[in-house]
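Chains A and B are the protein sequences, given in the same order. Under numbering that gives the first Met the number 0, the first residue of the first sequence carries the number 0, and numbering increases by one thereafter. Under numbering that gives the first Met the number 0, the first residue of the second sequence carries the number 0, and numbering increases by one thereafter.
Hints were generated in silico from the structure; no laboratory data involved. Treat the hints with care, since some could be wrong.
Said to hold, decoys possible - Derived lysine to aspartate or glutamate pairs resembling DMTMM-like cross-links, with alpha carbons at most 20 angstroms apart:
no.: 1; chain 1: A; residue 1: K232; chain 2: A; residue 2: D204
no.: 2; chain 1: A; residue 1: K260; chain 2: A; residue 2: E170
no.: 3; chain 1: A; residue 1: K47; chain 2: A; residue 2: E108
no.: 4; chain 1: B; residue 1: K51; chain 2: A; residue 2: D77
no.: 5; chain 1: B; residue 1: K51; chain 2: A; residue 2: E26
no.: 6; chain 1: A; residue 1: K232; chain 2: A; residue 2: D273
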Amino acid sequence: MTRGRCAVALVALAFGTAGAQTWHSVEVSRPLRDSGQLRVHAVYAGGKLDIRAATEPVLFGMQLRYSGVGGHPVHTYDSTNRTLTVGVSGETIEFAHHVDNSAGQMNLELSQHVPINLDVDLGAATADLDLGGLRLTETRVHSGAAQVTLAFSTPNVARMSVFEIDVGAAELDATGLANANASSIRVNAGVGALDLTLDGNWTQDVSLDVTADLGKVAVRVPSDVGIQVEAQKVVAGFEHPDLVKRGEYYVSSNWDTARYKLRVRANTTLGDIDIERTVH
Amino acid sequence: MSSRRRVATIAALLAAAAPALRAQDSSTPQAAGAKQASRTPARLKSAIDLLKTTEHEPVPPASAFTTGDRLIPAGSTVASAVGVWKGNLDVAGKVAGNAVVINGDIRVHAGGVITGDAVSVGGHVILDSGSVQGESVSLSDLAPSATGGALTSAISGTWVAGKVVVAWFAVLLIIGVGVMIFADGTLDGVVMGLERGIARAFWAGLLGQVLILPVLLVIIVGLLITIIGLLLVPFAIVAYTIVVAGLLTLGFLAIARLSGTLVARNDGMSNPRSVDLRALLFGLCGYMALWLLAAAFTWSPALGTILRGLALAVTWVAATAGFGATLLSRAGTRRDRGSGWMAAAASSQLSWQTPTPVAGVASARRPATPTGGASR
Numbered sequence: 000m001t002r003g004r005c006a007v008a009l010v011a012l013a014f015g016t017a018g019a020q021t022w023h024s025v026e027v028s029r030p031l032r033d034s035g036q037l038r039v040h041a042v043y044a045g046g047k048l049d050i051r052a053a054t055e056p057v058l059f060g061m062q063l064r065y066s067g068v069g070g071h072p073v074h075t076y077d078s079t080n081r082t083l084t085v086g087v088s089g090e091t092i093e094f095a096h097h098v099d100n101s102a103g104q105m106n107l108e109l110s111q112h113v114p115i116n117l118d119v120d121l122g123a124a125t126a127d128l129d130l131g132g133l134r135l136t137e138t139r140v141h142s143g144a145a146q147v148t149l150a151f152s153t154p155n156v157a158r159m160s161v162f163e164i165d166v167g168a169a170e171l172d173a174t175g176l177a178n179a180n181a182s183s184i185r186v187n188a189g190v191g192a193l194d195l196t197l198d199g200n201w202t203q204d205v206s207l208d209v210t211a212d213l214g215k216v217a218v219r220v221p222s223d224v225g226i227q228v229e230a231q232k233v234v235a236g237f238e239h240p241d242l243v244k245r246g247e248y249y250v251s252s253n254w255d256t257a258r259y260k261l262r263v264r265a266n267t268t269l270g271d272i273d274i275e276r277t278v279h
Numbered sequence: 000m001s002s003r004r005r006v007a008t009i010a011a012l013l014a015a016a017a018p019a020l021r022a023q024d025s026s027t028p029q030a031a032g033a034k035q036a037s038r039t040p041a042r043l044k045s046a047i048d049l050l051k052t053t054e055h056e057p058v059p060p061a062s063a064f065t066t067g068d069r070l071i072p073a074g075s076t077v078a079s080a081v082g083v084w085k086g087n088l089d090v091a092g093k094v095a096g097n098a099v100v101i102n103g104d105i106r107v108h109a110g111g112v113i114t115g116d117a118v119s120v121g122g123h124v125i126l127d128s129g130s131v132q133g134e135s136v137s138l139s140d141l142a143p144s145a146t147g148g149a150l151t152s153a154i155s156g157t158w159v160a161g162k163v164v165v166a167w168f169a170v171l172l173i174i175g176v177g178v179m180i181f182a183d184g185t186l187d188g189v190v191m192g193l194e195r196g197i198a199r200a201f202w203a204g205l206l207g208q209v210l211i212l213p214v215l216l217v218i219i220v221g222l223l224i225t226i227i228g229l230l231l232v233p234f235a236i237v238a239y240t241i242v243v244a245g246l247l248t249l250g251f252l253a254i255a256r257l258s259g260t261l262v263a264r265n266d267g268m269s270n271p272r273s274v275d276l277r278a279l280l281f282g283l284c285g286y287m288a289l290w291l292l293a294a295a296f297t298w299s300p301a302l303g304t305i306l307r308g309l310a311l312a313v314t315w316v317a318a319t320a321g322f323g324a325t326l327l328s329r330a331g332t333r334r335d336r337g338s339g340w341m342a343a344a345a346s347s348q349l350s351w352q353t354p355t356p357v358a359g360v361a362s363a364r365r366p367a368t369p370t371g372g373a374s375r
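With the sequences and hints as input, model every part of the structure.
Shown next, in the form of structure tokens:
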């Protein structure tokens, strides 16, 4: 009888523990000691993620608040390879089954003074990535079902050789993409709405490769930038008020005279592609 | 630095260090270490062990920990890692290694330096004009990755899995009751399809599953041929998916009801619809019990996987047979009971009754069951 009561009490305790959430925090920072290349891998299964340039003289700083349910904090720095891995790793990143954006939070600050190769893996998260002012040489953003706001509020100091955004079912709002200082931008989306604004400081021609299976892709380009669009669509609308067809491409009227040019290759199965002009 | 400024700095440093100095006076590292050696708290040992699992840098051994506040005075150097248990660490000198404080803060004052990492558990690393050359790490606690994290994670995983099973059961039960209210005849038709032969229904269901995607492709290609049909492709995909999901659900409900009849038999007194409802309930309970069992062992990766595989296999076989019966019965619109064993069992109850033609037959006689050698 006593054993039975103990078992019942243990089960009740276990399920009570499971139902309640306990929050934990981790704060990590490392001082800036040199300007060697840093490779950053940020993993975040669910919650709210902020990444921005550090104002303090640190290589990186992270403040993390996590519940520990379905995930555990990750924080390693390999000084030999100068590789930093931070975040919360879940059982599955792509299919995180529990999201509580009101509570879990991770703020990551990265040095403005070292070249950075940035990889961001998101699960079902809300991400606010302000990458302006960093020295990004490569940037890759992978996400499952995320809501991502990506901005280059100020120009990227380094030349970015790889800039890839790969999202599953997501809402992506990217602004200041000309500030990314990348000659090639690749965006791959499964389902969702992509809002890509190429404003900012144009210093080179840019090629934008967009693949979206289902959803709407809006590309906003300053009016003084020449546009050439190659649209491959199965069942999709293509809004291009300012473009005329020339051969197999659609081009803007200033294509031959524009100082900087944007080449868009859009591939959609079901959805709309809108090319919009903004006042520069 | 001017002398006035220097004096002010020293005064500030002493003021900051005074409480810690008092603590150190009563407990020097050596004395504290000796005290610890005699009775190192088990909780400290376990905390160190747990910290080692979370922090990759070396953590001092328990013998290197002192209890209570500790000061590294200006001008002094500690050549090894420093550990403090239940107290603050004030560094005005130099720590040539890591500094780890459990249940306390690390304050690095002006001129103070920690050449390794500064790790505070249950406190903060405060840089008061000093420097940490390694990482500054502040952990609120050692959970969940360390202190019982695995247990918490396992329990919560089991809890979540159980909730998912219960939610599925509720959804299927609601759909089942809805079908029995609004489309009872359709469900009856599928059940009869199963009664005609479960093996036949299984193979038909298997074939149906194999053909699901090819049929969808054929529909899409057929629509793509015409301009108008092109626009209908998205709707066709959605509609086809809904239809397939509906057929699968109907089939599963039918086989659940049929399975439930093994328990919920008609006693001849109950309303047939209530018997069917009980059968559906028992059937769903049976299948969901397998999943609930698997969910209950989520904490055990090996056993949980085996049980989930078993539940998946049983459910798949049942759903496939149900799907096949749905196809064979044309979504329940074909309602002849056939000649399967269930049908035979059901019809044997009524076999003595002869359908009475409208023209009228005077009577019917129940056939006598042959016994022993008395047949003629």
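Here is how each hint holds up against the structure:
1. K232/A to D204/A: Given pair K232/A, D204/A is violated - Cα atoms ~24 angstroms apart, limit 20 angstroms.
2. K260/A to E170/A: violated (26 angstroms)
3. K47/A to E108/A: holds (14 angstroms)
4. K51/B to D77/A: Roughly 16 angstroms between the alpha carbons, so the hint for K51/B and D77/A holds.
5. K51/B to E26/A: Holds. K51/B to E26/A sits at ~17 angstroms (cutoff 20 angstroms).
6. K232/A to D273/A: Between K232/A and D273/A the Cα gap is close to 13 angstroms, so the pair holds against 20 angstroms.
When held up to the earlier numbered hints, the structure conflicts with 1, 2 and fits the remainder.
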